[in-house]
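Participant: Spelled out from the first residue to the last, the chains are:
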Amino acid sequence: MQNSELNKSLLNKSRFSLHCMEIPGEITQRLQEWNQGDQTALDRLLPLVENELRMLADGLLRGHKYPEHDLGITAFINETVVRLMEGPQLEWQNRAQFFGVAAHIMRKILIDHARAQLSNKLGRSSEDKRLEEVKDLTDVGAATKAIELLALDEALNRLAKFDARKSAIVDLRYFGGLTIGEIAEVFEMSHSTVEREWRFARAWLKRELVERPGELDISRSTEQSEVGVSVTHETERKLADAWSNRELVATLMTEQWAGLKLLVRLRSTSAITMSQLVSNVEMDAEIVRSLLLRLAELGMLEKQGDIFSLTKRGDILLDNFERAIGNSFE
Amino acid sequence: MSFDERIEEIISVSEAMKLNVLIWGPGKTASEQYAKRQKIRQKIKDVFVNADVRFSEDLMNTIPGGSDGLTLPEQELLHLAACDICFVLDVSKGAGEEIAHFVNSGFGHKLVILTHEKYKDAPSFPVALRKYGNQLFFNDQEYERCYLVERIVSRVRFLAVGKLGHLFM
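Going down the list, the protein sequences come from chains A and B. Following the numbering used here, the numbering of the first sequence begins with 1 at its first residue and continues without gaps. Following the numbering used here, the numbering of the second sequence begins with 1 at its first residue and continues without gaps.
Just so you know, the hints here were simulated from the structure itself, not pulled from any lab data. Any given hint could be a false lead.
List time: in silico PhoX-like cross-link candidates among lysine-lysine, alpha-carbon distance up to 25 Å [claimed, not checked]:
{"id": "1", "chain 1": "A", "residue 1": "K238", "chain 2": "B", "residue 2": "K120"}
{"id": "2", "chain 1": "B", "residue 1": "K45", "chain 2": "B", "residue 2": "K18"}
{"id": "3", "chain 1": "B", "residue 1": "K28", "chain 2": "B", "residue 2": "K43"}
{"id": "4", "chain 1": "B", "residue 1": "K18", "chain 2": "A", "residue 2": "K238"}
{"id": "5", "chain 1": "A", "residue 1": "K108", "chain 2": "A", "residue 2": "K206"}
{"id": "6", "chain 1": "B", "residue 1": "K43", "chain 2": "B", "residue 2": "K18"}
{"id": "7", "chain 1": "A", "residue 1": "K312", "chain 2": "A", "residue 2": "K238"}
{"id": "8", "chain 1": "B", "residue 1": "K28", "chain 2": "A", "residue 2": "K206"}
{"id": "9", "chain 1": "B", "residue 1": "K120", "chain 2": "B", "residue 2": "K39"}
{"id": "10", "chain 1": "B", "residue 1": "K18", "chain 2": "B", "residue 2": "K39"}
{"id": "11", "chain 1": "B", "residue 1": "K28", "chain 2": "B", "residue 2": "K39"}
{"id": "12", "chain 1": "B", "residue 1": "K18", "chain 2": "A", "residue 2": "K206"}
Just so we're clear, the structure is a prediction, and the values are computed from it rather than from any experiment.
Could you put the whole structure together from the sequences, leaning on the hints where they help?
Facilitator: Encoded structure:
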C-alpha cells in the first residue's frame, strides 16, 4: 500500500473506529494472521489498535517537551504504521510486543525529527559557527533539547542491549505516557513487576544521564560542539578521558562497591561465565549483568561468548588500589 | 580481612588524600552565593581532611615568583593549572562567559561548572562540557538543600578514588 493510500485508509478508519472494542486476544490473532501473510489482517488490526496508538502518540508528542515538532498526531500515527509495515518482518506474538514496537518506532521518528532539526539549525556549513553568529537564544535552546532527546535515545539503546523489556517499558511510560496499570495490561504482567522494572529503568537512566552524563556518539561530537562556544580536539579528548575515568570509578562504587568486588572475583578465577559469577558473589543477577557489561565497555573486562575475564588494564587497576592501601584484596 | 574492610581502607585513604580544590563564584558582595561557596568549602574539608580548598580571590597575588604584571585571568589560569579540580558556581547570567575562555586552556577538563537550570539554554559553555559531565545543572530546591553540596562531594570522591587507582594523574 502506498503511503498516501494508507493515510487515507487510516483517516477513514479513524472516523468509524473510535469506539471499537477489542475482543480479548483479537489483536494477537490479527497479528498472527498478518504473520502468515494475510494482508487483510492488517486492515482488521488497525481499528483495534488505533486508540492505543493515538494515546501513545499523544503522550509522546506532549510529553517529551521538545517544543518544535510540527508533526500532527494523525501524520505521526500514519508514519508509525508505515514504518511498522516497511520495517523488518517481525514474528508477531502478542499485543504487548506490538505496542512495544510501536512505541519504539514512535521514539525513532521523533529522534529522526530532532536530528534533522538540529542539523538544520546548525547548518551544513557551520564548522566555523561561533557564539556571535547564534543570534537567537531559542535556536540554542531547541538544539539543546534535541541533544537531550538524542542522549536519552542513546541511553535507552544501551539499556535495551541488556534488558529490552525495561527499555520498552520506558518507551511506553515516559514517551507514551501510559500508566503502570496500562503497561501491566499491555505486557500481561503484574502491576508490581512493572513498577519494579520501571523503578530500575528510571534509576539506570538517571545514572546514565545525570550522574554519568551523555555518552553520545563521538562521531557527532563536533556537531554538538558547534552549539555555542566550541572546544578543540585536544580539550575534547581530555574531557572524554576524564569522563571515562569517572565513569569507571562510579561503576566500581555502584551498589556498595559491587563493581570492584566483581573485578576482584574475576581476577581470582581468571575466566568465568555470568551465571557462575552470579552464584559466586550472591548479588542480584541484573546488577551483576549490568556491571559486567559496563566494566567490559570500560576496558576492564573482556567478554568472549559467555565468558568474562579480567584485562591487563583491570589487573593494573586492582594492583594500584592494593598498593595504595598496602593490602591485598584476597 | 574481609572485602568490606578493604573498601573501608580505600575510603579512608582517599579521604586523607592531599587534594587541591578551587571554588570559583560570586564574591562577598553576593552574600547568599558567597555563603554557599563557604558551605561547599567546609563540606569538602569535613570529608577530605587534607584537601586544600581555596577561593580564587584568596589566591590573588600569591603566585610563587611574584604576580606582578599578571592579569587576573592569567593568575586564575595558573591556579587552574595547579589544582586537581575547580568548581564554578555559575549563578548569574553572563558569569559563564567570563570563564568560558578557560575551557580550551588545556585544563578545561578540571572545571566543573554548576549552572542554575534557568540558564540551561544560554550558550556560554560548549556542549562538550555538558556531554562529558563538566557542566551540571541544579534547581532552586537543590541549591537550597544539601543536594548540590552532596553532588560536589561525590565528585571529589570520584576524583580521590580514581587517583588511588592512578586513573587521574
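Participant: Can you name, in rising order, the numbers of the hints this structure does not satisfy?
Facilitator: Of the numbered hints, 8 and 12 do not hold.
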